[in-house]
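Undergrad: Protein chains in written order, with this note's numbering: chain A, 587 to 1351; chain B, 1186 to 1260.
Hints are computed from structural coordinates only; laboratory data are not their basis. On a predicted model such as this, the values are computed, not experimentally measured, just so you know. Beta carbons are placed, not taken as given, at the ideal position from N, Cα and C, and that holds for glycine. Hints should not be assumed to be uniformly reliable.
Dumping the calculated BS3-like pairs for lysine-lysine here, alpha-carbon to alpha-carbon at most 30 Å [as the list claims (entries may be wrong)]: (1) A/1038 / A/1049; (2) A/624 / B/1230; (3) A/1234 / B/1230; (4) A/664 / B/1230; (5) B/1190 / A/974; (6) B/1230 / A/601; (7) A/621 / B/1230; (8) B/1190 / A/836; (9) A/675 / B/1230; (10) B/1190 / A/947; (11) A/675 / A/624; (12) A/689 / B/1230; (13) A/700 / B/1230; (14) A/1158 / A/805; (15) A/1264 / B/1230.
Footprint (simulated), chain B over chain A, 3 or more residues, beta carbon under 8 Å [said to hold, decoys possible]: (16) 829–840; (17) 994–1000.
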Amino acid sequence: MRVDGTEARYEYDGKSLRVYVGSGDHVVSVEYEAKPRKGLYFVMPDEYYRDRVPMVWTQGESEDNHYWMPLPDYPNAKFTSEMEIIVPKTWIAVSNGVLVESKDLGNETLWHWKLDKPHSAYLIAFAAGEFEVIRDNCDGVPIENYVPRGMVDRARFTFHRLCDMIKFYSEYTGVKYPWPNYKHAAVSEFIYGGMENTTITIITDTTLHDEHAHCPGGKFPCPGMEDFTSDGLIAHELAHQWFGDYVTTKDWANIWLNEAFATYFEAMYTEHAKGRDEFIYELYQNLRSYLNEYGNRYARPIVTRLYRDPEEMFDRHTYEKGSLVLHTLRNLLGDEAFRRGINLYLTRHAYGNADTEDLRKALEEASGQPLDWFFTQFVYSAGHPVIKYSWSYDPSIRMIRLSISQTQGEDSYPIYRLPLELEIGYSGGRTETFRFELNERDATLYIPASEKPQYVCLDPQFKVGVKAVNADKGVEETLAELGSGNLPCRLEAIDALARVGSARAVEGLSSALRNDKFWGVRAEAARALGRVGTDEALKVLINALIAEQHPRVRQAIVEALGNFRGKVEAAKALVEVLENTRESYYARYRAAQSLGKVGIAEYGKYLVKALDYPSHNYVITQGALQGLAELGSEDAVSTLLSYTELGKPTPVRVAAVQSLSKFVSDRRVYDRLRMLLKDPYFRVRFAAIAAVEGALDPRFLDVLDELSVRDLDGRVRRYARDVARRIRDQLQRGVEYARLREEIDRIREEQRRLMDRLDRLEFKG
Amino acid sequence: MSFDKPGYLIGRGFVYTDYRPQFPRYYGYTVRHVRIRVRIDASNKSINGHVEYSINVTTERGYIEFDAAEMGLNR
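Let's have the full structure, built from the sequences with the hints guiding it.
TA: The structure is reproduced here in C-alpha cells:
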C-alpha cells in the first residue's frame, strides 16, 4: 500500500480499504491477491466437465468488481482505465478500449488494454481464455468478436447485423458511436444474457447457434423466416454503449435510464430492420412480460429508492415497462422532438452521469412541452392505467356513444392523463380515427358516425404502450376487428375470441391462423385455439401444421396442441414434429413439452428417445425432460434426478431441476432439491427455488430463509425471500382456514344441540 | 416500517418492512485514471493484482476508502 510512492497507513476490514491521505492530488497503489467468490469467474475443465474451453471472465454490475480489484464501486465514479492481464500462453485476454501491446513473458502473455475516455467502475471488465477472434470494420469502427475455441463457424449467425445496428443507433441518436472500437466476448456459464462493459460486451455462449437454429431447414440468411436469432441481445447490449456507458445512471434508483433505453432501442432496431409489425409485436410482448410481473409478483414505481440489493431493480418494471414508457413518450412528443431530446440528453451528459430529471429536462427543452405530469404518473408512480370501454350506436343522432373508464386499483396512479386514439371500422374496410384525451375516471364521449360501425378499437397504433384494456365486445364485432390493418386491433380481437370460445370464434381464429399476413398474429391465433380446446380447434391446428412454413408459428401450433389432453391425434402430430430432423429445434422442443402435456403414457417412449437428440442449447433435451415430468411416471422422477447432476450441461440441469416441483413428496426429490438450492451454479439455484415455488412446500423454509440472507447473488436472495413469503402467506391462510372450519363445526354443534332441545320441548308439549 | 404515502408511490409487494431508502454514495475523491495489473492463476482460481489510482482527494477528513472484498493485501 503506497501513496505517492511511500508506504502509507491503512486499515482493512475485508470489505472496505481505508487509506490515510490528505486532500489534493495523489497516486495510490495497492498490491493484493484474491480468490474471488463473485465479480470474476473461472470456468475450467474439471472432473464433471472435462471438455470445457478454459476461460475467466468478469461481471461487474451491479457492485461486484470490488471482489477482484479495490475501487470506488458505484456508477457515479467515472474514470479512464487501463488493464494489464497476464494469462497462460495459449490464452487471449480482452478488455476495455484498445490493445496497447501483447508481450511474450515465456509461459505467459501480458495483454495491455487502455481506454482513454472515462467510464463507470462497474463497466471495467476483461475476459480471457482459449478464444478465437473474428475481426471486421464498420464505418471506421474496428469490430472484434471473441468466441471460445471451436465456435468460429457459429459467430456469423450471431453478429451479422452488428454493423447495421451501429449505423442505425449513430444515425438515430445523432451521436456517432462514442468509443474507439467494439468487441464481444462469448463466454461459458455466463450469469446474464449479456453485459455491456465499455467497448467489450460479454455475452453468453449459448447465444451462438448454427444455421439450422437460425433458418430451420433453409439457407442463411432467411429474412422474414428466422427462428432463433441473437439480434435482440446484440442490439440491446450495443444500445448500452450510448445509454449506460456514454451516459450512465448516477445511481441504481435510476437504472431504467440504462435498461429501458436499451430495451426500447432494441425494439427500435427491430422496426428498422424488420418492419412496423415486428416492432409493435415486440412491444406487445414487453407489455405482457411487465403485466405478468405486475400481476404475479409486485408493483413499484420505475424510479424508487426503496430496495435492498441493486439487483432487485433489474426487473420487468425497469426493462419492459420502462421501454413502453419511452415508447409512449416518443408518441406523445413526436419522433423528431423525441430524437432531439435524446440527442440533447446524450450530448449534455456525455461521458458523465444523469438521473431521470436530467432526461425530463432534455425532453422538455427539445419539445417545448412540460412533462412533469407524464413522469409523475408513469415513472414515479407504480402501476398502469386499466381502461374499460364499451360503445353503442344511436342512428337517430348518428353518434357513437363511447363509455370509457379508468379502473386501476390503489397500487396505480389514481387518474391518468392519456392521449388516446380510436379506430372506427365500417363495412367495406373503411376506417376513421378519433383522437381524444382521457383525464377522468369515467367519461362518456359522443362521436359522429354516418353509419353504424362494425367495430371500435382503442389505441390502434399502440401509442400508449403502458396500459391494460378491457373491452366489452360481441363476437361479430370482434370478427370484424380481425380485418383491421392495425396489428394491436387484430391482437385484441384474437384475445377476445379465445375468451368466447364458440364455434363462430373458432372460425375467426382459424381464418386468422390461415390468412393473416403477419406471423405474430398467426402464432397468437394458434395459441388462442389451444386455449379454446374444442375438437374443431384441434382439427384446425393439425391442418395448419401441413400448410404453415414460418418456424415461429409452427412452434405456436405445437405449443397449442399440448392443451388437448388425452387426444391421440394431437399426440401423433406432435411425434411427427419431434421426430423430424428438418423441423426447427425449437418446434421440436415445444413438441416434446406438449407431448408430455397431452398425457398419453405410451408416447413417453418418444420423449425418452428425444433426450439424446442434438439441438441448439440442448433445447430438445430440455423439452423432453419437461414432457416426461408432465407425464409424471415413476421412471420420469429417476430420469429427471439423473439430469440434475453435475456433468450435465447447465441448461439441461436447469430444465430438470425446475421440472421437479410436482414430485417433492418423493423423498429423493426433496433431498435433491435441498442440495440443489446450494448448487455452485447460480442458474441451478434459481431453478431450484422455482421448483420450490411450484410446490410451496414449507419444509424448504429454512433453506429459503438462509438463501435470502446469505446467497452471493442478489437475484437469488430476492427470489428466495419472495417464495418464503408466499409459503408463509399460504400457511397463514391455512391457519385462517382451519379457524374458520372450527368455527363452522362449533356453530353446527350448537345448532344440533338447539334442534335437540327444540325436539324435546315439542315432545314434552 | 410505515410510509405515510399513497399506495401508488410505494407500490404493492415490492418493499419489505426492513427496507431503507438508498441514495448515491460519494467517496470524497475523484479518480482520474486507474491502471490495473492482474496475473491469472487458473489452477488455483485466484489472481494477484496491482492497482494504481491517480486521484484528487476532496475530503478533509484525512482518509479515503475503496470498496475491496475478501482480499489479501500485500504490504
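Undergrad: Evaluate each hint against the coordinates.
TA: Tested hints:
Under the criterion of a C-alpha separation no larger than 30 Å, the hint pairing residue 1038 of chain A with residue 1049 of chain A is consistent with the structure, at around 26 Å. About 12 Å separates the Cα atoms of residue 624 of chain A and residue 1230 of chain B, which keeps this hinted pair within 30 Å; it holds. Proximity of residue 1234 of chain A to residue 1230 of chain B is assessed by CA-CA distance (about 22 Å); at most 30 Å being required, the pair is judged to hold. Between residue 664 of chain A and residue 1230 of chain B the CA atoms are separated by roughly 29 Å; this keeps the pair inside 30 Å, and the hint holds.
At most 30 Å may separate the alpha-carbon atoms for a hinted pair to count; residue 1190 of chain B and residue 974 of chain A meet this at roughly 27 Å. Distance hint between residue 1230 of chain B and residue 601 of chain A is fulfilled; the C-alpha atoms sit about 20 Å from each other, no more than 30 Å. Between residue 621 of chain A and residue 1230 of chain B, the direct Cα distance comes to roughly 6 Å. Compliance with the 30 Å bound is thereby established for this hinted pair. The suggested pairing of residue 1190 of chain B with residue 836 of chain A holds, with an alpha-carbon distance near 25 Å, which does not exceed 30 Å.
Between residue 675 of chain A and residue 1230 of chain B, the direct Cα distance comes to roughly 17 Å. Compliance with the 30 Å bound is thereby established for this hinted pair. Under the criterion of a C-alpha separation no larger than 30 Å, the hint pairing residue 1190 of chain B with residue 947 of chain A is consistent with the structure, at around 26 Å. Annotation: proposed proximity of residue 675 of chain A to residue 624 of chain A holds, straight-line Cα distance about 25 Å (limit 30 Å). A hinted pair counts as satisfied when its Cα atoms are at most 30 Å apart, and residue 689 of chain A with residue 1230 of chain B qualifies at roughly 23 Å.
A threshold of 30 Å between alpha carbons decides the hint, and for residue 700 of chain A with residue 1230 of chain B the separation of about 25 Å falls inside it, so the pair holds. Annotation: proposed proximity of residue 1158 of chain A to residue 805 of chain A holds, straight-line Cα distance about 29 Å (limit 30 Å). The straight-line distance between the Cα atoms of residue 1264 of chain A and residue 1230 of chain B is roughly 20 Å, inside the 30 Å bound, and the hint therefore holds. For the stretch 829–840 of chain A, the stated coverage by chain B is satisfied: 4 residues place a CB nearer than 8 Å to a CB of that chain, which reaches the threshold of 3.
Given as covered by chain B, the stretch 994–1000 of chain A passes the check, having 5 residues with a CB less than 8 Å from a CB of that chain where 3 are the minimum.
Taken one by one, the earlier hints all hold for this structure without exception.
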